[in-house]
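**Q** Required output: the full structure, derived from the provided sequences and hints.
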Amino acid sequence: MSELSTTFPPEFERLRGAARLAVYIDLKSPYAFIAIDPTRDMARSVGVEIDWRPFTLDIPSYLGSAKLVKNSKKVESSNRTQQQWTGVRYAYRDARRYAQLTGRTLRGTEKIWDSSLAGIAMLWAKERGGFDRFIDVAYPAFWRRELDIEDPAVLERALADSDVATAGFREWAQGPGRELHDRINQAAFDAGIYGVPSYLVEDEMWFGREHLPRVAWLLGGRRGPAPDVANRSFAR
Amino acid sequence: MSASTGEGPALTVALDIRHPLAYLALGPALELGRELELAIDWLPLASELLRRPSTPGPDDDRGVLHRRHRARMIAREIAVYADAQGLTVKEPYRNGPADAAHLAWLWMRAHARDALEPFLVEIFRRYWTLELDAGDAIAVSKVVCACGGDAADFLAWSASDGPAALDRVARELADAGIFTLPAYLVADQVFCGRQHLPMIRWLLEGRTGPPPI
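So the sequences go chain by chain: A and B.
First residue of the first sequence: 59, per this note's numbering; consecutive thereafter.
First residue of the second sequence: 3, per this note's numbering; consecutive thereafter.
In short, the hints are calculated from the structure, not lab data.
Do not take every clue at face value.
[Unchecked claim] Residues from chain B shown here face chain A by an in silico Cβ test under 7 Å; the list is partial:
no. : residue
1   : 64
2   : 65
3   : 85
4   : 197
5   : 200
Nothing here was measured: the structure is a model prediction, and the numbers come from that model.
Quick reminder that beta carbons are idealized off the backbone N, C-alpha and C, glycines included.
**A** Below you can see the structure in the form of structure tokens.
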């Protein structure tokens with residue numbers, strides 16, 4: 059097979075480290091939102107713990123920027139091409155139809171959020187054993203447009219609602235938390251991660267939940283034929 | 003295209019012979035059609051082709067790096083899943099014309115419908131093993147002939163009414179909201195990417211059982 063290689067560069071395995079499965083997510087990604095439960099179900103089905111990590115997308119760098127008039131679908135400002143708009147609109151429609159089937163609300167965002175503080179809050183919650191609870195509180199609220207993820211006070215409340223201690227969060231978020239977040243992001247991007255959800259398993263990296271069948275196949279010892287991509291349920 | 007009218011095929015599949023992801027989508031869609039005893043409406047569409055990862059340079063910004071990461075990931079994805087399907091994909095970044103192959107596709111759809119799916123399997127295979135120039139009408143007419151079609155009739159049509167018919171299909175698919183391939187039209191919805199086949203199956207089977215999410 060000329061020019062195409064099935065081999066992954068060693069950076070991905072190094073980035074994964076000791077975790078059997080590392081998964082990168084960003085609160086502002088609708089595809090990451092709808093991937094959470096299938097990813098959990100898949101991991102449960104093969105008995106593997108997930109090492110969740112934040113990856114803050116820099117959307118304007120590759121998809122142009124845009125802002126909607128508040129409470130409207132009218133575009134206030136944008137430097138996106140028509141093709142970029144078509145792709146973005148399809149992505150929201152696509153994510154929404156899957157979200158609706160599980161009774162979730164997924165409203166289009168009014169601007170491109172800086173979700174780095176939410177990523178820092180994820181790290182704070184993770185260090186305190188409350189990562190899953192935090193994303194279960196924060197994700198649905200954000201996609202209902204009820205969570206200002208650029209406001210430290212709002213994130214602090216979301217942490218408290220997740221039964222995660224908040225004392226010291228704001229100071230940590232401005233110093234060590236920010237540094238940790240930036241380090242994790244830079245290491246991921248340097249290794250070749252560019253979107254969410256991204257999955258690190260064995261020496262492979264996959265972007266998109268459609269690869270969960272392969273991730274499960276790898277984690278399960280490569281039994282049977284290698285599966286194709288599929289958005290499918292892993293719930294028992 | 004009549005995916006939503008209640009008449010004719012309930013599933014339309016749009017592919018470009020020149021895109022490896024379209025090749026990877028062909029087999030699984032054929033299998034779905036067989037399993038559900040479905041007459042799929044197969045349509046050709048010239049799309050944006052696979053992009054080669056850019057060469058690293060000193061002035062690469064975040065956007066350039068992002069697109070390079072993405073191009074490399076798509077290349078690996080094609081390699082891994084083509085391997086799993088047992089498909090050969092040679093010279094994936096070719097970007098020559100496909101008009102002759104796509105015209106033949108439309109001609110077979112209109113005049114030899116029963117042979118269309120074997121024709122698609124053959125023409126995709128020949129293209130990706132470098133046995134076929136998809137822009138060469140004479141070469142393509144030999145595949146038409148091998149699949150039971152009338153090569154002379156195809157060549158005459160491809161030089162007369164064919165190009166307008168191909169343009170019309172492209173406009174209709176664009177109007178339906180298709181912007182990237184492989185694309186599927188079912189129950190008034192557009193799906194891009196073969197990962198949606200479980201959802202498409204669920205819709206075609208009348209939404210019985212839990213949704214595949």
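**Q** Under the constraints set out in the numbered hints, which ones does this structure not fulfil?
**A** none
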